[in-house]
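Let the hints inform the model, and build the full structure from the sequences given.
Read off the chains here:
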Amino acid sequence: MSGENHITEVGGTGVPIPGDDIDTDQILPARFMKEVTFDNMADYLFYDARRDDGEFNDHPLNRFDGASIAVINSNFGCGSSREHAPQAMMRWGVDGIVGESYAEIFRDNCKSLGIPAVTTDHETVVELQEWIEDNPDGEIDIDVENEEVSYGDTTIDVEIDDAMKEALVEGIWDTTALMYSNRSKVEETTADLPYVEGDD
Amino acid sequence: MSNGTLYDKVWEKHKVAELPSGQDQLFIGLHLVHEVTSPQAFGMLRERDLDVAYPNQTFATTDHIAPTEAEKRERPLTDEQSEEMLSALERNTSENGITFFGFESGKQGITHVVAPELGLSQPGMTVACGDSHTATHGAFGSIGVGIGTSQIRDVLATGCIAADKQNVRRINVEGELGEGVYAKDIILKIIQDLGVDGGVGHVYEYSGPAIEALDMEGRLAVCNMSIEGGARAGYINPDETTYEYLQGREYVPEGEAFEERKEYWESVKSDDDAEYDDVVTVDADDIDPLLTWGINPGQVIEITDSVPHPEDFEARTDREAAEQALDHMDIEPGQSMLGYDVDVAFLGTCTNGRVTDFAEAAKILEGHTVDDDVRALAVPGSETVREECEARGIDETFINAGFQWRRAGCSMCLAMNDDSLEGDEVCASSSNRNFIGRQGSKEGRTVLMSPAMVAAAAVEGEVADAREFLSDDPAGGASGVEEAAD
Ligand code: SF4
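Chains A and B, in that order, are what the protein sequence lines are. Numbering-wise (the numbering used here), the first sequence opens with residue 1 and increments by one. Numbering-wise (the numbering used here), the second sequence opens with residue 201 and increments by one.
Among the hints, a few may not be true.
[As the list claims (entries may be wrong)] Here are the simulated lysine-lysine pairs, DSS-like style, with alpha carbons at most 30 Å apart:
no., chain 1, residue 1, chain 2, residue 2
1, B, Lys462, B, Lys365
2, B, Lys365, A, Lys185
3, B, Lys209, B, Lys469
4, B, Lys209, A, Lys185
5, A, Lys185, B, Lys213
6, A, Lys185, B, Lys469
7, B, Lys215, A, Lys185
8, A, Lys34, B, Lys642
9, B, Lys462, A, Lys185
Derived by calculation from the structure, the hints in this document are not laboratory data.
Rendered as structure tokens:
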């Protein structure tokens, strides 16, 4: 695969999205999933949480327009497997996420989209979220390769799932081409599965 | 790492290669497709000029947007976006030689209801679907995983996903369920004990006498909500109950071929001396009907308990979540959920939309009518379920009691069709998620419970203990509750 897929570092200003167990129904309400493309998903990101009586409220996504790094708390993206949720974040502008923890399907989806999703402890996350509130124009940098996040004068160690790191750094997060090249091995596997008929 | 479990065996049999990322390339033997999460994936395939690699292992139906009122199922659908999604699925499946169970087929319904009843889901398979409740199929002793749209593209193009092997936690459910306590209560109890993120990094193997005693429909309900407990998948080892259920179903081989297939099924069962990463025990004898009081499936209590105080929780985040839940649900700590006013009763979904669920609820409804202030919806999980209920006269019981008897779909589980909560209505629901906004209204309030409890709530117009309806002796029902409370 070409080198343009390598993701070693992402950066930009931040947006805190505080709260534990934020589910994908909040990130992207189901009624906006009736479109056959992801093109407009950014418009629906946190649609309900961002509005009071139809008007934009002071939700962080309204206050930190243009941000690239989302900072979240624990079990983010739980619930439905809809890729619409990380797609909406990506299309809104999020290039990387720092947080306490992610629901697994959500993290897998981030990997498929090339969005690094790194983790650190609760206190560190809260400090970063507060720092963003005080420094809305401050740059945050996620160094995927070295597992570090830096902002202001601070550099913190973060963790990133091994497979995600490898995939991003090596530029192999688009798994279709990779797995497609193993076609003959797939045939060998299916030959031993009594319930799979040879493809005809 | 676990050793000798069904999970290990099925994984090894389907592992194609180790990828450079360290993940495994895993072959998917059954790929289920629905209208909401697939159009973008078919689009990606077209962009890359790739064909569907294993159309014979791929099956589609329509569920999320399916109108449940008969007259609204005529084409084109009145909702333009729904029509566009349905047409896209029809086009994508026919162009790629994929079997599609549409309205006309008589087999349409929720993927996780349709695949089991047609015999598509079998032991020793890997099953994937662009839907988190794919864990459901684990009830047969398969590995069922929910995937995102990019992964759907992967499965369509290569028949495979890139996946990490998880740890296996065995959950032993000892004892025996009491009357009026169901599979749904077992899984709610497990989520109460282990939390909504307790399963992260794990798949759950459910075992023990109370699990073995469940019929396939009960097992499907348990595995279905594995995801609400944070587990990536959940499964039950196949046994005679499984094989009996499978025998004679449309996609299950017959005669000698059945016996041969059964040998494979037997071969993937967890060994007696299998090693688990973790073992947890739950006692079914002690379980009373459970229901949620909050806004995630872990905010759940037994009917005999009262709503907790935020201070009862150790973690700050749990306390905050409890406060938010109390506020949204408009309830007080220390209050009983019994008597909580209900506006809507909803029976259906991939958790509890099967024949047994309607049959159990019908036992409660027999001779009663739905409260005047309650809107009550019965939505079969599939057209096959609907027909069987109608053949057995179960629909009559519902209609006579004052329920609307609908056609198959996801319906008010997530309100992508016309079925939705209005304003701050309270819904007694047999579904699996009580997240804010899930049932279509930002202020709507969802109380998750078993089908029997939904029926009882429909009759009373408030949360009630279904066991009181099951007792022949009216006084006996109430005393049953007291016994359970002490
Ligand atoms: S019934 Fe509900 S949970 Fe099940 S597939 Fe449909 S929307 Fe998802």
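Hint by hint, here is what the structure shows:
1. With a C-alpha separation of about 26 Å, the suggested pair Lys462 (chain B) and Lys365 (chain B) falls inside the 30 Å cut-off, and the hint holds.
2. For the proposed pair Lys365 (chain B) and Lys185 (chain A), the alpha carbon gap of about 19 Å is at most 30 Å, so the pair holds.
3. As the CA atoms of Lys209 (chain B) and Lys469 (chain B) are separated by approximately 8 Å, the hinted pair is consistent with the 30 Å bound.
4. Of the pairs offered as hints, the one joining Lys209 (chain B) and Lys185 (chain A) holds, with about 18 Å between alpha carbons and a cut-off of 30 Å not exceeded.
5. As the CA atoms of Lys185 (chain A) and Lys213 (chain B) are separated by approximately 12 Å, the hinted pair is consistent with the 30 Å bound.
6. With a C-alpha separation of about 25 Å, the suggested pair Lys185 (chain A) and Lys469 (chain B) falls inside the 30 Å cut-off, and the hint holds.
7. In summary, the hint linking Lys215 (chain B) to Lys185 (chain A) is supported, as the alpha carbons are separated by about 10 Å, within the 30 Å threshold.
8. With a C-alpha separation of about 18 Å, the suggested pairing of Lys34 (chain A) with Lys642 (chain B) holds against the 30 Å cut-off.
9. Straight-line distance between C-alpha atoms of Lys462 (chain B) and Lys185 (chain A) comes to about 26 Å, which keeps the hinted pair within the 30 Å bound.
The structure is consistent with each of the numbered hints, conforming to all of them.
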